[in-house]
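Given the sequences, and given the hints that come with them, work out the whole structure.
Protein chains in written order, with the numbering used here: chain A, 1 to 342; chain B, 1 to 306; chain C, 1 to 306.
The hints are simulated quantities; they were obtained by calculation from the structure and are not laboratory data. Hints are not guaranteed to be accurate.
[Unchecked claim] One-sided excerpt, in silico: chain B residues whose CB lies under 7 Å from chain A:
{"#": "1", "residue": "Gln190"}
{"#": "2", "residue": "Glu193"}
{"#": "3", "residue": "Leu264"}
All C-beta atoms, glycine included, are put in the ideal place defined by N, C-alpha and C.
Now for the letters of each chain:
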Amino acid sequence: MSGAAAILPPTSNNAPLLSVRGLSVEARGPAPLRLVDDVSFDLPAGTTTALVGESGSGKSLTAQAILGLLNRDVYQVSGTELTFQGAALAFDGRRPPKGFQGQLTGYVMQDPSSALDPTMTIGRQIAAMFIVHRGMGMRAALREAARMLDFVRIPNAAGRLGDYPHQFSGGMKQRVLIAMAVALSPRLLVADEPTTALDVTVQAEILALIDDLRAELDMAVLIITHDFGVVYQCADRVMVMYAGKLLEGGDTVQITEQGRHPYTRGLIGSIPDIDDLDRPVVAIPGQPPRPGTNWAQACAFHPRCGFTVERCRIETPQMEAPDARSAVRCFEWPRVITEARP
Amino acid sequence: MSAMLETRGLSFAYPVAGLLSSGRAAAKALDDVSIRVEPGRVLGIVGESGSGKSTLLRAIVGLNRSQSGEIRYRGDIVDHAAGRHRLAPFRAGVQMIFQDPGGSLNPFKTIRQTLSAALARVPDRAAPGERLPRLLDAVGMNETALDRHPSEFSGGQLQRLAIARALACNPTVLLCDEPTSALDVSIQAQILELFLALKRDGRAFVFVTHNLGVLGHVADTIAVMHRGRVIESGPAREIITRPQQAYTAALIAASPRLANRGVLLDNARLRLRGTQAPEQVPPVARPLSAAAVTAAAELDRGEVLP
Amino acid sequence: MIGFAASRLFNAFATLLAAVVATFIMIRIAPGDPVLVLLGDLATPDQIVQARIDYGLDLPMYRQLGIYLAKAFSLDLGSSIIQGRPAIDMVAQRMGSTLLLGIVTFALVMAVSIPLGLYAALRTGGRFDRWTSSTSLVVLGIPDFWLGLVFILVFARWLHLLPSAGWSAPSAIILPALTLALPLIAVNMRLMRNEAIGILDSNMVKILRAKGMPTRRIVTHHVLRNALLPVLTVGGVQFGHLLGGAVIVETVFGWPGLGNLLISSIGYRDYPVVQTTILVMTFLVVAVNFAVDLCYRWIDPRLRRS
Numbered sequence: 001m002s003g004a005a006a007i008l009p010p011t012s013n014n015a016p017l018l019s020v021r022g023l024s025v026e027a028r029g030p031a032p033l034r035l036v037d038d039v040s041f042d043l044p045a046g047t048t049t050a051l052v053g054e055s056g057s058g059k060s061l062t063a064q065a066i067l068g069l070l071n072r073d074v075y076q077v078s079g080t081e082l083t084f085q086g087a088a089l090a091f092d093g094r095r096p097p098k099g100f101q102g103q104l105t106g107y108v109m110q111d112p113s114s115a116l117d118p119t120m121t122i123g124r125q126i127a128a129m130f131i132v133h134r135g136m137g138m139r140a141a142l143r144e145a146a147r148m149l150d151f152v153r154i155p156n157a158a159g160r161l162g163d164y165p166h167q168f169s170g171g172m173k174q175r176v177l178i179a180m181a182v183a184l185s186p187r188l189l190v191a192d193e194p195t196t197a198l199d200v201t202v203q204a205e206i207l208a209l210i211d212d213l214r215a216e217l218d219m220a221v222l223i224i225t226h227d228f229g230v231v232y233q234c235a236d237r238v239m240v241m242y243a244g245k246l247l248e249g250g251d252t253v254q255i256t257e258q259g260r261h262p263y264t265r266g267l268i269g270s271i272p273d274i275d276d277l278d279r280p281v282v283a284i285p286g287q288p289p290r291p292g293t294n295w296a297q298a299c300a301f302h303p304r305c306g307f308t309v310e311r312c313r314i315e316t317p318q319m320e321a322p323d324a325r326s327a328v329r330c331f332e333w334p335r336v337i338t339e340a341r342p
Numbered sequence: 001m002s003a004m005l006e007t008r009g010l011s012f013a014y015p016v017a018g019l020l021s022s023g024r025a026a027a028k029a030l031d032d033v034s035i036r037v038e039p040g041r042v043l044g045i046v047g048e049s050g051s052g053k054s055t056l057l058r059a060i061v062g063l064n065r066s067q068s069g070e071i072r073y074r075g076d077i078v079d080h081a082a083g084r085h086r087l088a089p090f091r092a093g094v095q096m097i098f099q100d101p102g103g104s105l106n107p108f109k110t111i112r113q114t115l116s117a118a119l120a121r122v123p124d125r126a127a128p129g130e131r132l133p134r135l136l137d138a139v140g141m142n143e144t145a146l147d148r149h150p151s152e153f154s155g156g157q158l159q160r161l162a163i164a165r166a167l168a169c170n171p172t173v174l175l176c177d178e179p180t181s182a183l184d185v186s187i188q189a190q191i192l193e194l195f196l197a198l199k200r201d202g203r204a205f206v207f208v209t210h211n212l213g214v215l216g217h218v219a220d221t222i223a224v225m226h227r228g229r230v231i232e233s234g235p236a237r238e239i240i241t242r243p244q245q246a247y248t249a250a251l252i253a254a255s256p257r258l259a260n261r262g263v264l265l266d267n268a269r270l271r272l273r274g275t276q277a278p279e280q281v282p283p284v285a286r287p288l289s290a291a292a293v294t295a296a297a298e299l300d301r302g303e304v305l306p
Numbered sequence: 001m002i003g004f005a006a007s008r009l010f011n012a013f014a015t016l017l018a019a020v021v022a023t024f025i026m027i028r029i030a031p032g033d034p035v036l037v038l039l040g041d042l043a044t045p046d047q048i049v050q051a052r053i054d055y056g057l058d059l060p061m062y063r064q065l066g067i068y069l070a071k072a073f074s075l076d077l078g079s080s081i082i083q084g085r086p087a088i089d090m091v092a093q094r095m096g097s098t099l100l101l102g103i104v105t106f107a108l109v110m111a112v113s114i115p116l117g118l119y120a121a122l123r124t125g126g127r128f129d130r131w132t133s134s135t136s137l138v139v140l141g142i143p144d145f146w147l148g149l150v151f152i153l154v155f156a157r158w159l160h161l162l163p164s165a166g167w168s169a170p171s172a173i174i175l176p177a178l179t180l181a182l183p184l185i186a187v188n189m190r191l192m193r194n195e196a197i198g199i200l201d202s203n204m205v206k207i208l209r210a211k212g213m214p215t216r217r218i219v220t221h222h223v224l225r226n227a228l229l230p231v232l233t234v235g236g237v238q239f240g241h242l243l244g245g246a247v248i249v250e251t252v253f254g255w256p257g258l259g260n261l262l263i264s265s266i267g268y269r270d271y272p273v274v275q276t277t278i279l280v281m282t283f284l285v286v287a288v289n290f291a292v293d294l295c296y297r298w299i300d301p302r303l304r305r306s
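Here's what the structure looks like:
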């Protein structure tokens, strides 16, 4: 347990929309694997927060655990606190309270092709939101569905209600998914790698759409990505995740320009920067650990880190907050900001 | 310098299947594509899905039937209809690397079996026992990998092994189809470093990707493809800093970047507000007006399109 | 859609033709002679020759085939050599009972296996799931004639609940249908279960849950429909088998169907009846598969493009 450790990132002035404390996810089995380990953060309303990490870091599991989407036969979710709009939600795997999924929260994922039912028209899939949650009849619900398709800027919205998912391009399918997610004006939209499978121009359009919807509906957005370029362009706040733990978090500009954690710096340094072709691409050596690796008393990043000292191998660093806007989980951060170049 | 690999006027259309119309030509997947790459150089090919960039690689290795145009390897015309024997130098000398690194490795065979089989295709005096460690060393792996199966490796390691398999034939040209797109950025950087090291050995690369940033760092020249055509090509730096085509400028503007915060979304909003989606940009290789060139250059500096 | 229908029609015709020709040749190659069966042991050589000429059996096989096909096109399928009645009448008389048995069995299989498979999937690893997975293996291991005999013994001989043979009463269909259905239920239930488990674990269901859809609605509106596709495919093939391949079960239960007719007419080498039976069976199989295709298109919109 982190005990008195700082929360990531420190609570803003507004009351948070969502508070997570000590969230852990374990894969059940004879030898349970801890895939998300003691994650704590707040999501303020109306802002975009990015959760960055590489595959296997536990970022998707974190989001799905919060939304109550994890299969309880496979995963065990635990934690000390999970509050949404001031009300406590349960961790114990029971289905979340009625209205939480769909009405208060929306979820968009990578690969929209596999997320839509191929045998049902787009119109009916969106209309289901209004039928199930608002008790509307099919005709009224379909009218609302057309309004939503128009809302996510699908041309000729009413004319496409009767189309099936395969008749849409990847980017258009992602818009449909977003339309379903925001149909009932949720307070929180979780977008799990929403643009990874898309072309860059489509990616930019989807990200702009999500940002416009955020402003229009005053939603909190949690965007999960592995691309720091995406983070920098569209998130107010960022959290960096590695091996199931949050390593750093805070204001996006500050973290991108002066990250304190060596992993954050490594992630940014390994991006081929289109604006600075002279800056070499520097890889982080080694491989990410297998999900669920037990680090006992050590920093999970120490085998790949250039700042490792003896202490990193024998003690788990705690989250600390050097200033009011950010937090970092590294013993050596003062050395990182003085020695490393951004 | 003479080209290692070259295409001239390569065209291809996927046949449309149908009861009475088998063989009717559809829209051209490749339309008069001419590219060249020299030893020790990387030719980057960028484009969005459906631009024909992967089809081009397939055409070069002869996976498409009935294509027109010319492919030259080391100056000689490659005739894919020719016999196995005559094609042997081309088949060994031009190797492909795919996006899905597991795809080119047999999951039921150990790495030793896969690599030995690949090595056996090319005569060499050195015994396989000596060549295997050298091969693994070249891709930054070691001999502990040999007796394991593909399922035991991570994505980045698999891509290294796939590259090792391709290198076993001692190729002079590597055709890479989105080789880092399925990998995390930190691993992508490792693979890019590996490519840069291999390039110093004098091998030629054709590097297909949708990520212009990647090409900015590994490519010497870039060809931009749109709807089966090369709409713009030139030195990599030139293309990225001074794109001549609106489409290229749009690709650059849409690339996630670590400068000019918010410009990505602003550009996308502007493009959406304008009537043209990128798909509708006419794919004609016409020079832009002076104003458009300035606009594109400004775009590249991160400024908002006027 | 018209193109689809035309190509299917052509395929159906080709299938029928191939079945007719193959049957025609095979039954003639097989040892035995309908004339000897008809005239008995006491026939004189002259009578035999005359009978051969009467039935056109003296001609070379290709000419017999030609005459047969020419007549078949004008819907004249010949008469039984043994009984003298038109073969099509004999077949039509039996077709009803075979169709009835096939449809009842098919309906029974689908009505039982789909809900049970779905139930097992919703409670994977539960008691019902474990019990059915072991039972289905046992059922699959039992030969159907033996199963039929056991049913007769238990339900007809010991319990006197149901008739054992013929079709004296409507309840006579129960035992043969059950015998045919049981192994198919075992197969389809497992199939349905596995499909449904895969779908319950899919991104689609994850999104449906995130949308706050009630579990009941997710199952009835989405899981069922998507899991049905492969079950339907297999079901179509099985239905075809039921119509053509229920020979053994029909024999065991004395069911007056096509299978029984086929067996007896093969015994008599009654060529026209054998050929007509096979032709009709093939027609039924083709028709069923066509119906399955239509269903498939109805369920899966991706296939609707013509």
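For this session: Report the numbers of all earlier hints that the structure fails to satisfy, in ascending order.
Result: none
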